[in-house]
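Dock chain B against the given chain A, drawing on the hints supplied.
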Amino acid sequence: MLKVRIIPTLLWKDVGLVKGVGFDSWRRIGSVLPAIKVYNTRLVDELILVDIIATEEGRPPDFKSVADLSSECFVPLTVGGGIRTIDEVKSLLRAGADKVSINSAAFKEPAIITQIAKKFGSQCVVASIDAKKGTDNMYECFSHSGTKATGKSADQWAKEMESMGAGEILITSIEKDGTMEGYDLDLIRLVTKAVNIPVIASGGAGNYNDMYQALDKGGASAVAAASIFHFTEQTPLEAKMHLAEKGIPIRNTTIV
Amino acid sequence: MSVCIIDYGMSNLGSIHRALEECGAEVFISEDPKDLATAERIVLPGVGAFKDGMKNLRSRGWIEPLKQEVWENKIPLLGICLGMQLLAEKGYEGGENEGLGLIKGSVKMLEPKDQEERIPHIGWNEIYRVNDDPLFEHIPDGADFYFVHSYHFIPADKKCILTRTPYCGNFVSSIHSGNVYGVQFHPEKSIPTGFQLLKNFLQV
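Keeping their order, the protein sequence lines are chains A and B.
Using the working numbering, count along the first sequence one by one with no gaps and you end on 256.
Using the working numbering, count along the second sequence one by one with no gaps and you end on 204.
No lab work stands behind these hints: they were computed from the structure.
Careful, some of the hints might be misleading.
[To be verified] Derived DSSO-like pairs (lysine-lysine); straight-line CA-CA distance at most 27 Å:
no. : chain 1 : residue 1 : chain 2 : residue 2
1   : A       : K246      : B       : K199
2   : A       : K119      : A       : K90
3   : A       : K119      : B       : K104
4   : B       : K199      : B       : K104
5   : A       : K148      : A       : K108
6   : A       : K217      : A       : K133
7   : B       : K51       : A       : K118
8   : B       : K199      : A       : K118
9   : B       : K51       : A       : K119
Okay, chain B solo, but in the shape it has when bound:
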């Protein structure tokens, strides 16, 4: 299984690369959008701010080739952390910015419900299923994943929601629509459950 990790200058690529290899994939990191054509799976990682993320994707020519692979060739795409947020139509980090629009919805800052809830949301927290999905096969409800973020994805269609996480009003921690998946947590940093999720993504 050939997996392309998109390098748009916003990420810690080493650990997702190694993690996917550990899960049995043939992984290549690419700075050239043409490489998408040879990929059977695409991973959009990302640490950083929404605005800079989109700016980099645009200036490096990723947006159209990515949409083509996802929409026309139906290649499964997994967005991780900022990579999930960029799937949205709009983001509100650093002003209003247009996203990839691969899943309908917007990205807004987490809102603490009490003083105990500090932002950013950093650390291990649970995921609970909203809709069953092969991406979470063999991963029990209540499993802890590693999060490090201040913003969250609000999908327009509730059917896209795979899991929620109990913080700041039970935010959406993973989504799925068609062949596009997004997880707010870091599976590559969440052994062993995160590796199970990556293996599941290689199977979908």
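So that you can see chain A by itself, here it is in the shape it has in the complex:
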């Protein structure tokens, strides 16, 4: 049986690991490489590494740093932030990424998703969607690290991304991100119902039960979380034990 995945997210700025609230007020909380080494030994299911300022600075991903980090990473790695072209995707895959996540570039040129899927397969394209509830109760997508309104609704955009060839959706609630108040279950459910590809829930995890809710009530295939692992004593392994007790299928790390 396919297991749910618990995915620590490493937000990355100038080689430092950072944490923000609501996509703002970023604080440096450490270095990326030691964090990756710790997650290797803890047998996490996957890691997501996002360069949060590449798009803002209008520069491509930092391939050299990704190569350095991935050579120490023995867990599946998704890399995002600043990716605009198919050549950049190729360079990232060569640098050691297993999947790439595309956000802002897809709003500008949705066909990039199809190009990547055709060349490297759908399984390596994650469409990352950052959304926030507007005054009319619609969940609107925002690009450029949550700064640019796009006018697209999260569920419609998720469907479009799937039809363009995305293999996975990473849905992040801008309002919940970094708050540790729990995932936005309405948003997650909206997206998991809209598409048939796997959905990773992101933004707001504060405890293991929040993860359970996102998987059980939200229908997500995976949960991503940052603050909970970096700022509290809670660990991916304990999260799995908690989920296993509630009957959620988790990866068996005891059989070796």
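For chain B alone, coordinates are given in the frame of chain A:
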């Protein structure tokens, strides 16, 4: 043990390189088919689409030297993920395309059996033995490996099947014929069981 990883522009090579080193091999990544002659083991990795994979192998001159090492010099070959799929005679990703034909069979898209089964198949799933093989020595049935794929290998001869994985009708997750091996999952990303499998491949 000298291991050649084929670089045909389709892969995440860093992690398989590091993983094989961790398993005690002397590893070299090569863009030159002539290098195969010095290899004691060959690894065909791969992330990507079948059509582009074959196109790259062909345009870079890998196909004949690879077949020669495998068929005539009997060098063990391990195909990983797309690398396993390319071993087939035919693939149906992006139209019908000819594969390497090193193991008889074809590659088709996974077919979900219910709404719970989303494609691509991404994440950790179990392997269960169909035929015993040294490649899976010290790896128990039910061990989880990391998968990320939408297509699967359908071997013509069931004797080639080493393991199956419970998803989309129990697809074939690893194969073996002669000195050619293929695994649909990523051993290099599946510590610690995946490293055991790589060590076993160095021993076969």
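The hints, checked one at a time:
{"no.": "1", "hint": "K246(A) x K199(B)", "verdict": "violated (36 Å)"}
{"no.": "2", "hint": "K119(A) x K90(A)", "verdict": "holds (9 Å)"}
{"no.": "3", "hint": "K119(A) x K104(B)", "verdict": "holds (25 Å)"}
{"no.": "4", "hint": "K199(B) x K104(B)", "verdict": "holds (26 Å)"}
{"no.": "5", "hint": "K148(A) x K108(A)", "verdict": "holds (12 Å)"}
{"no.": "6", "hint": "K217(A) x K133(A)", "verdict": "holds (19 Å)"}
{"no.": "7", "hint": "K51(B) x K118(A)", "verdict": "holds (9 Å)"}
{"no.": "8", "hint": "K199(B) x K118(A)", "verdict": "violated (33 Å)"}
{"no.": "9", "hint": "K51(B) x K119(A)", "verdict": "holds (8 Å)"}
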